[in-house]
Amino acid sequence: MSIGHTLLGLLESGPRHGYDLKRAFDEKFGHDRPLHYGQVYSTMSRLLKNGLVEVDGIEAGGGPERKRYAITDAGITDVEKWLATPEKPEEYLQSTLYTKVVLALLTHRDAADILDSQRSEHLRSMRILTDRKRHGDLADQLVCDHALFHLEADLRWLELTAARLDKLRTEVAR
Amino acid sequence: MTAPAGSLLAAEGLRKTYGPTVALDGAEFSIHAGEVVALMGPSGSGKSTLLHCLAGIVTPDAGSIVYAGREMSGMTDAERSALRRSEFGFVFQFGQLVPELTCVENVALPLRLSGTPRKEAEKTGRDWMARLEVDELAKKRPGEVSGGQGQRVAVARALVTGPRVVFADEPTGALDSLNGERVMELLTDAARSTNAAVVLVTHEARVAAYSDREIVVRDGKSRDMERAV
Amino acid sequence: MSARRWAGDLAMGARFALTGGREGWIRALLTAVGVGLGVALLLLTAAVPDILDARHAKEDVRQDFSLTPPKIPAADDTIVVAHVNTSWHGADIRARLVAPDGAHPPVPVGIDRVPAPGEMYVSPALDKLLKAPGNGLLRERLPAKVVGTIGERGLIGPTELAYYLGERGLDRQIGHDPGVGRIKRFGNVSGESSEGLDPVLLLLVLLVFVVLLAPVGIFIATAVRFGGERRDRRLAALRLVGCDGRMVRRIAAGEALAGAVLGLVLGTGFFVLGSQAAATVELFGVSVFPDYLNPTPALATLVAVAVPAAAVLVTLFALRRVVIEPLGVVRTARPTRRRLWWRLLLPVGGLAMLAPMIGQGADNGNFNQYLVTGGVLALLVGVTALLPWVVERTVGRLGDGAVSWQLAVRRLQLSSGTAARMVNGVAVAVAGAIALQMLFAGVQADFTKNTGQDPNRAQMEVDLPDGVQVAAAGAKLEGTTGVRAAVALSRTEYSAKRLDPDNSMQLIVGDCAALREVATLPSCRDGDAFLSADWSDEPAARKLLAPGRAVWVDPSYSGSPGAEAPWTVPAKLPKVATRKDALSTDLSGVLVTPSALPAKALTGLRASVYLRLDQAVPEAEEQVRTAAMGIDPLAYTWTWEATTRDEKFDTIRTGLFVGAAAVLALIGASLLVSQLEQLRERRKLLSALIAFGTRRRTLTLSVLWQTAIPITLGLLLATAVGLTLGGVLMKMTAVPLRVDWPSVLSMTGIGAGIVVAVTLLSLPPLLRLMRPDGLRTE
Numbered sequence: 001m002s003i004g005h006t007l008l009g010l011l012e013s014g015p016r017h018g019y020d021l022k023r024a025f026d027e028k029f030g031h032d033r034p035l036h037y038g039q040v041y042s043t044m045s046r047l048l049k050n051g052l053v054e055v056d057g058i059e060a061g062g063g064p065e066r067k068r069y070a071i072t073d074a075g076i077t078d079v080e081k082w083l084a085t086p087e088k089p090e091e092y093l094q095s096t097l098y099t100k101v102v103l104a105l106l107t108h109r110d111a112a113d114i115l116d117s118q119r120s121e122h123l124r125s126m127r128i129l130t131d132r133k134r135h136g137d138l139a140d141q142l143v144c145d146h147a148l149f150h151l152e153a154d155l156r157w158l159e160l161t162a163a164r165l166d167k168l169r170t171e172v173a174r
Numbered sequence: 001m002t003a004p005a006g007s008l009l010a011a012e013g014l015r016k017t018y019g020p021t022v023a024l025d026g027a028e029f030s031i032h033a034g035e036v037v038a039l040m041g042p043s044g045s046g047k048s049t050l051l052h053c054l055a056g057i058v059t060p061d062a063g064s065i066v067y068a069g070r071e072m073s074g075m076t077d078a079e080r081s082a083l084r085r086s087e088f089g090f091v092f093q094f095g096q097l098v099p100e101l102t103c104v105e106n107v108a109l110p111l112r113l114s115g116t117p118r119k120e121a122e123k124t125g126r127d128w129m130a131r132l133e134v135d136e137l138a139k140k141r142p143g144e145v146s147g148g149q150g151q152r153v154a155v156a157r158a159l160v161t162g163p164r165v166v167f168a169d170e171p172t173g174a175l176d177s178l179n180g181e182r183v184m185e186l187l188t189d190a191a192r193s194t195n196a197a198v199v200l201v202t203h204e205a206r207v208a209a210y211s212d213r214e215i216v217v218r219d220g221k222s223r224d225m226e227r228a229v
Numbered sequence: 001m002s003a004r005r006w007a008g009d010l011a012m013g014a015r016f017a018l019t020g021g022r023e024g025w026i027r028a029l030l031t032a033v034g035v036g037l038g039v040a041l042l043l044l045t046a047a048v049p050d051i052l053d054a055r056h057a058k059e060d061v062r063q064d065f066s067l068t069p070p071k072i073p074a075a076d077d078t079i080v081v082a083h084v085n086t087s088w089h090g091a092d093i094r095a096r097l098v099a100p101d102g103a104h105p106p107v108p109v110g111i112d113r114v115p116a117p118g119e120m121y122v123s124p125a126l127d128k129l130l131k132a133p134g135n136g137l138l139r140e141r142l143p144a145k146v147v148g149t150i151g152e153r154g155l156i157g158p159t160e161l162a163y164y165l166g167e168r169g170l171d172r173q174i175g176h177d178p179g180v181g182r183i184k185r186f187g188n189v190s191g192e193s194s195e196g197l198d199p200v201l202l203l204l205v206l207l208v209f210v211v212l213l214a215p216v217g218i219f220i221a222t223a224v225r226f227g228g229e230r231r232d233r234r235l236a237a238l239r240l241v242g243c244d245g246r247m248v249r250r251i252a253a254g255e256a257l258a259g260a261v262l263g264l265v266l267g268t269g270f271f272v273l274g275s276q277a278a279a280t281v282e283l284f285g286v287s288v289f290p291d292y293l294n295p296t297p298a299l300a301t302l303v304a305v306a307v308p309a310a311a312v313l314v315t316l317f318a319l320r321r322v323v324i325e326p327l328g329v330v331r332t333a334r335p336t337r338r339r340l341w342w343r344l345l346l347p348v349g350g351l352a353m354l355a356p357m358i359g360q361g362a363d364n365g366n367f368n369q370y371l372v373t374g375g376v377l378a379l380l381v382g383v384t385a386l387l388p389w390v391v392e393r394t395v396g397r398l399g400d401g402a403v404s405w406q407l408a409v410r411r412l413q414l415s416s417g418t419a420a421r422m423v424n425g426v427a428v429a430v431a432g433a434i435a436l437q438m439l440f441a442g443v444q445a446d447f448t449k450n451t452g453q454d455p456n457r458a459q460m461e462v463d464l465p466d467g468v469q470v471a472a473a474g475a476k477l478e479g480t481t482g483v484r485a486a487v488a489l490s491r492t493e494y495s496a497k498r499l500d501p502d503n504s505m506q507l508i509v510g511d512c513a514a515l516r517e518v519a520t521l522p523s524c525r526d527g528d529a530f531l532s533a534d535w536s537d538e539p540a541a542r543k544l545l546a547p548g549r550a551v552w553v554d555p556s557y558s559g560s561p562g563a564e565a566p567w568t569v570p571a572k573l574p575k576v577a578t579r580k581d582a583l584s585t586d587l588s589g590v591l592v593t594p595s596a597l598p599a600k601a602l603t604g605l606r607a608s609v610y611l612r613l614d615q616a617v618p619e620a621e622e623q624v625r626t627a628a629m630g631i632d633p634l635a636y637t638w639t640w641e642a643t644t645r646d647e648k649f650d651t652i653r654t655g656l657f658v659g660a661a662a663v664l665a666l667i668g669a670s671l672l673v674s675q676l677e678q679l680r681e682r683r684k685l686l687s688a689l690i691a692f693g694t695r696r697r698t699l700t701l702s703v704l705w706q707t708a709i710p711i712t713l714g715l716l717l718a719t720a721v722g723l724t725l726g727g728v729l730m731k732m733t734a735v736p737l738r739v740d741w742p743s744v745l746s747m748t749g750i751g752a753g754i755v756v757a758v759t760l761l762s763l764p765p766l767l768r769l770m771r772p773d774g775l776r777t778e
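Residue numbers (the working numbering), protein chains in the order written: chain A, 1 to 174; chain B, 1 to 229; chain C, 1 to 778.
Mixed in with the good hints there might be a few duds.
[Claimed, not checked] Covered by chain C, according to a simulated footprint, are these stretches of chain B (three or more residues, beta-carbon under 8 Å):
(1) 82 to 94
(2) 106 to 113
[As the list claims (entries may be wrong)] Here are the simulated lysine-lysine pairs, BS3-like style, with alpha carbons at most 30 Å apart:
(3) 575/C - 140/B
(4) 119/B - 684/C
(5) 684/C - 123/B
(6) 167/A - 140/B
(7) 139/B - 71/C
(8) 221/B - 684/C
Honestly, the hints are just simulated from the structure, not real lab data. Heads up, the beta-carbon is just placed ideally off N, CA and C, and yes, glycines get one too.
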């Protein structure tokens with residue numbers, strides 16, 4: 001995820017302090033990994049240098065640095081360009097899981113067991129996400145659904161693999 | 001193995017064959033009050049048969065099913081029917097609403113089968129429809145509502161008697177994700193609020209994620225993942 | 001292009017009808033059986049004129065009498081035939097005595113030679129009866145040697161009982177016994193055709209056919225609609241792959257056509273099987289040979305063309321309000337509420353057609369057959385137009401009830417048309433039958449003649465031919481097992497002239513005991529004579545009663561010689577009152593004891609012996625017939641009944657009963673079929689309802705209500721229409737208007753019975769469908 005573009009996007013709704021930016025980011029996108037302050041300031045200084053944001057004002061007193069950032073026209077164009085550019089699809093080769101399954105078959109262990117316990121683990125995560133989704137707002141739901149669908153994709157791979165275990169066993173044994 | 005203490009519905013050693021097909025081959029199961037358990041497994045694994053056995057719709061060839069301390073295999077057909085009427089609720093994949101009855105009449109049907117007067121039954125039915133956010137459909141016939149709405153009506157019908165166990169067989173199978181999730185939310189919320197147990201047959205992980213735990217059925221055998229771990 | 005496209009589409013439909021997997025086969029078979037049964041009935045109807053013709057032709061060929069017998073002198077090629085019909089336990093036996101006059105007599109049809117005296121040819125059925133154990137009395141009555149059986153050509157039906165018995169000396173009875181005559185050959189020589197049907201009888205025959213065929217037509221229309229919903233779904237699938245609206249309609253027509261053609265084949269099969277079976281069956285005393293059942297070619301062709309055409313038309317008509325879209329079937333929005341006015345057109349039109357003929361039965365006017373048929377058809381078919389409206393309105397108002405009631409009522413509200421269609425046939429059949437029963441009950445009075453016989457006074461009568469010793473015959477009959485009393489009374493007449501007198505007086509001859517059966521005698525000794533009190537007033541009679549007058553007993557008439565015995569009217573002729581319950585109303589005149597007449601007068605008497613039977617003796621009647629046959633083969637024995645009905649009338653009523661039974665059975669079958677089909681369509685739902693604990697009883701009751709409600713409405717409407725039609729028909733035939741409630745109740749009862757039977761028969765499949773296995777998807 002491009003943190004720079006995300007912060008820029010957050011600024012589009014209006015100028016914000018760095019602290020506000022972090023809070024907004026965490027709230028919407030950072031459930032699993034909250035931003036460090038340092039990350040915010042280093043990113044903002046890079047954006048400042050590239051002319052994508054400007055300093056709207058500095059608040060006196062209190063905290064260490066109370067700069068208020070605003071997005072520039074170049075920044076808006078940049079966000080637009082970023083949103084319009086499709087992401088390169090990432091292919092996850094289920095390398096670890098795949099390795100485990102093949103190893104289990106090679107060593108005549110029950111591969112179905114591995115798959116079942118993996119599914120169980122996946123479901124455990126999915127339950128947590130589902131629960132969060134049910135108690136969160138729309139943004140929570142979107143984020144959780146994204147994760148849920150990925151986990152579901154894993155699980156479907158698991159199901160398919162489980163259904164093909166017999167075939168896999170003969171191939172591996174060859 | 002005996003049923004875990006405090007379980008509302010438990011089964012062990014279930015066997016059922018349909019002709020040459022072995023549907024259940026020593027399956028076991030247990031559920032507590034207020035718990036949501038997903039029965040998962042590939043199609044043809046026997047999960048629907050397990051549900052039918054647990055609900056007393058189908059009599060297993062062997063094994064025991066204990067509901068609230070009573071052995072179900074000892075019950076007559078009439079007793080099991082009465083049990084299904086008063087203690088169990090059902091949601092099927094395609095709603096299976098009676099097409100001639102209006103939605104509220106469909107919801108009120110289980111109550112009326114137990115002898116509740118029509119007015120009272122329909123009032124309760126309307127309350128449940130409101131809880132499932134479909135009360136505006138009361139006067140419509142099932143043919144005039146969408147799949148998601150129909151399924152919510154079906155959920156209302158399953159819950160209207162205040163059942164202690166709700167059996168849901170692929171309740172979202174015919175719905176899109178959004179409608180499916182809504183139905184699952186409403187179903188599990190409502191069940192939790194009445195402390196009803198839910199036995200949920202599904203092959204979709206996202207639907208199973210609404211459960212508290214899952215039991216995997218494969219080749220007629222069951223595997224309780226929580227206790228296995 | 002279009003002809004080939006059409007043919008292609010029709011063929012595709014036909015293929016769907018036959019190759020739709022197991023479901024398709026069952027559906028095609030149901031349709032075919034339904035249509036087939038209808039076709040069989042239609043063919044039977046088409047054969048009826050032939051059956052009547054064939055029987056008539058055979059009757060003609062073997063005819064051996066004429067109403068105005070020509071005087072034929074005895075010759076080498078003549079034969080004397082005597083009709084001595086008798087009966088055995090209620091079954092009529094056609095009996096003939098034959099006495100050839102020379103060496104080359106005509107031979108009766110169906111046998112190869114004239115039996116010699118003491119020999120007998122019998123029909124196969126009579127042969128069987130003679131050989132059967134326990135029929136000793138019959139063998140005693142027909143002791144002659146059986147030398148052969150009568151062939152099919154000489155019988156009108158396979159179960160007909162008949163014999164030809166060789167006899168001698170029959171010629172002396174010619175001119176005395178109307179049942180004895182001399183003929184030159186067998187067959188209708190006089191060219192007299194049998195009497196034509198009374199216009200009222202003709203009307204009844206016509207009505208029986210209309211009333212029976214109307215429901216058959218409706219039945220066929222229902223049969224081709226079996227499986228309609230499934231077919232609609234299939235058509236939708238065809239739309240999805242690119243068929244246009246017209247194509248799917250043609251394909252549907254092809255499907256219906258295939259079913260109808262298959263039905264034609266099956267129907268022909270049923271008909272052939274049925275006609276084979278017909279040889280072994282005797283319905284209401286009528287049996288037919290299989291080869292009688294040849295449908296008139298024109299009518300058979302009409303059936304072969306009309307049935308498939310009707311099937312196609314009905315299908316297209318049923319699809320008229322259905323829009324088949326690629327993604328499913330849409331019935332044009334919410335069907336509009338049924339309107340009453342056009343539905344009333346049919347029955348009102350029917351009444352209008354019948355109205356001009358009211359009262360024509362009185363002056364024996366002829367009924368316009370087309371107007372009658374049209375009017376009755378319009379009224380009956382009007383039932384099918386009115387019924388959907390009635391059902392819709394009524395079920396729309398039905399209120400609350402138990403769950404079973406609610407399920408049934410709601411279903412009826414949603415598809416009142418289907419429900420109405422299911423009972424249309426029964427309603428039409430019952431309406432027609434009620435009307436006919438009413439008319440029959442009314443006409444019955446007209447066609448039932450009072451015989452003047454009082455079965456309480458005597459149960460049988462044996463009429464003796466000339467020359468039989470009355471006293472001996474009476475004594476013999478009195479001694480027969482089962483006879484309590486025998487009263488022998490003879491009659492003759494006397495007149496002032498010996499030959500061809502203008503006036504005559506009846507003479508009743510019997511002993512004192514016998515005469516007391518006729519009149520109240522103050523005292524009586526042999527040699528006494530009396531006069532019935534009610535005879536003396538006419539001047540001509542008064543002359544003949546003058547005491548001491550010389551008269552001739554049994555005068556001769558030209559062509560019919562009498563005894564011509566001279567007698568003197570007794571001086572003492574006390575008037576006696578005729579008994580109100582005299583054996584016969586015409587037993588009055590001069591009552592004499594035998595000694596009061598000269599011996600010569602006693603030879604020309606027409607004697608009858610009246611018998612009182614002991615009803616406790618089981619075969620008393622057969623004993624009497626056998627004894628009478630022993631006295632003289634020409635003795636005519638018969639059983640007294642208070643009334644007799646015209647036999648033709650009986651035959652028509654028989655036809656109605658047989659037909660109504662067949663039609664209702666047919667409709668019952670179709671009801672069952674569509675009932676089962678509806679149940680199968682709802683299999684999943686039934687299983688789901690059972691799953692959440694619905695009692696089987698509730699579902700069963702709801703199925704019962706679903707049939708019972710429309711059938712009740714149908715029967716009510718049928719009763720109303722039937723009574724109206726019956727009333728109009730009675731007005732037409734000028735019969736006093738009277739509602740025959742027992743027959744109304746029995747007809748509606750039969751209709752209701754059909755529904756109960758159908759529901760009961762559909763219960764086992766219903767219970768099977770309600771098993772939870774229905775929930776399994778695989």
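Hints and how they fare:
1. 82 to 94: With 10 residues close enough to chain C, the hint holds.
2. 106 to 113: The restraint on the region 106 to 113 of chain B holds, since 4 of its residues have a Cβ under 8 Å from chain C and three suffice.
3. 575/C - 140/B: The given pair, whose Cα atoms are some 95 Å apart, is violated under the 30 Å limit.
4. 119/B - 684/C: holds, 28 Å
5. 684/C - 123/B: holds, 28 Å
6. 167/A - 140/B: violated, 51 Å
7. 139/B - 71/C: Roughly 93 Å separates the two Cα atoms, so the pair is violated.
8. 221/B - 684/C: holds, 27 Å
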